[in-house]
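Participant: Letter by letter, the chains look like this.
2 protein chains.
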Amino acid sequence: MARNSTGARERIIDGTTVLLRQGGYSAAGVNEVVAVSKAPKGSVYHYFPAGKEQFVSESLVNYEIAISTLIRSTLSDTSSLEKRVKKFFNRISQRMALSSFTQSCAVGATILSLPSGSELLQKQCSETLDVWANVAAECLVEVPKAKRACAARVLISLLEGAQISARASQSDRPLKEAAVCFLAFVKTLLPPN
Amino acid sequence: MARNSTGARERIIDGTTVLLRQGGYSAAGVNEVVAVSKAPKGSVYHYFPAGKEQFVSESLVNYEIAISTLIRSTLSDTSSLEKRVKKFFNRISQRMALSSFTQSCAVGATILSLPSGSELLQKQCSETLDVWANVAAECLVEVPKAKRACAARVLISLLEGAQISARASQSDRPLKEAAVCFLAFVKTLLPPN
Numbered sequence: 001m002a003r004n005s006t007g008a009r010e011r012i013i014d015g016t017t018v019l020l021r022q023g024g025y026s027a028a029g030v031n032e033v034v035a036v037s038k039a040p041k042g043s044v045y046h047y048f049p050a051g052k053e054q055f056v057s058e059s060l061v062n063y064e065i066a067i068s069t070l071i072r073s074t075l076s077d078t079s080s081l082e083k084r085v086k087k088f089f090n091r092i093s094q095r096m097a098l099s100s101f102t103q104s105c106a107v108g109a110t111i112l113s114l115p116s117g118s119e120l121l122q123k124q125c126s127e128t129l130d131v132w133a134n135v136a137a138e139c140l141v142e143v144p145k146a147k148r149a150c151a152a153r154v155l156i157s158l159l160e161g162a163q164i165s166a167r168a169s170q171s172d173r174p175l176k177e178a179a180v181c182f183l184a185f186v187k188t189l190l191p192p193n
Numbered sequence: 001m002a003r004n005s006t007g008a009r010e011r012i013i014d015g016t017t018v019l020l021r022q023g024g025y026s027a028a029g030v031n032e033v034v035a036v037s038k039a040p041k042g043s044v045y046h047y048f049p050a051g052k053e054q055f056v057s058e059s060l061v062n063y064e065i066a067i068s069t070l071i072r073s074t075l076s077d078t079s080s081l082e083k084r085v086k087k088f089f090n091r092i093s094q095r096m097a098l099s100s101f102t103q104s105c106a107v108g109a110t111i112l113s114l115p116s117g118s119e120l121l122q123k124q125c126s127e128t129l130d131v132w133a134n135v136a137a138e139c140l141v142e143v144p145k146a147k148r149a150c151a152a153r154v155l156i157s158l159l160e161g162a163q164i165s166a167r168a169s170q171s172d173r174p175l176k177e178a179a180v181c182f183l184a185f186v187k188t189l190l191p192p193n
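Those protein sequence lines, which keep their order, are chains A and B. At position 165 of the first sequence the residue is numbered 165 (our numbering), and the sequence of numbers has no breaks. At position 135 of the second sequence the residue is numbered 135 (our numbering), and the sequence of numbers has no breaks.
Hints are all accurate, no fakes.
Note: identical chains are not told apart, hence a pair may lie in one copy or across any two.
In silico lysine-lysine, PhoX-like type, Cα no more than 20 angstroms apart, as pairs:
| no. | residue 1 | residue 2 |
| --- | --- | --- |
| 1 | Lys176 | Lys187 |
| 2 | Lys147 | Lys176 |
| 3 | Lys187 | Lys145 |
| 4 | Lys176 | Lys86 |
| 5 | Lys176 | Lys83 |
| 6 | Lys87 | Lys187 |
Calculated directly from the structure, the hints in this document are not laboratory data.
The shape of chain A in the complex, shown without the other chains (with noise of 0.2 angstroms):
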């Protein structure tokens, strides 16, 4: 296979999220996804036989694969575990100012968009958030085990919501917020001293 050709798969993957972080599901037409990439339309067909379904599905598992790392890589070092929430809602924020507050999690924009009959998006995004949550979970040390799970869904709740509201506001204070909102409630749930 010619370099160009795998170029242009990994353009249309990335081209997808991107379109998907900016305006969901609807956003990432073929059409769209050639314009973004730059790829041949050709090569979408080539590539993704199955069309937009496909294209989507691909690239909202690279999406998956990029957040969890984001995930790990800020909540799970060796800091206090308030240094490592707003590190985590602080790396988002920077993630969302890079296209100024234009761009978002490709999961939430997708779940809010997806057409009646698209069942296995619709449970691919679903699994995600509960991927995100368990990778979160596995982070949060402090909290104890049983409580774990719960802690690490209202992150992602938080997390989501505190997006929507950023795009709204274009700033980056929902984030902020957010952060200390989780640990507000995540304290609740630490042992007694």
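Chain B: place on chain A using the hints.
Facilitator: Coordinates of chain B only, in the frame set by chain A:
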């Protein structure tokens, strides 16, 4: 104006709201609105000569009022803060359950799916979240005035994010957990006893 036509206008607005709640901005095209509202296509152009931007905008105005009323009616009664916050999230759960978790917040879904160049709708969505936060802030009377605005903004972020998680998991658990998280956070803002 004939009663029939008046009905068509309202049905277009209501149908648009359903479509926005299901799939965001791109789901609310003229053809989709005609199908869901059972209004004659001509009446869409008659009542909304500026097209999609106009009926989406008017639908969001109505939606802002409806959710402001919901916030006020749940958060401002005379029961404890805990009961009011749970009632608020519970009411949102009920609304989502009515659609089998296929519909969530029209504003959240619109923010994440607006095409670039939709500055007016972007501004409207942003202002709507501010209005809801202001209404909530007025109801959080236990919280010291200086901290009410922040508490209310976090409530709205949690609300938006928990709805994403609820759609993904097709369950009301994220909304219940969001209520618990918000209560833990808001307690840290209360004056010491």
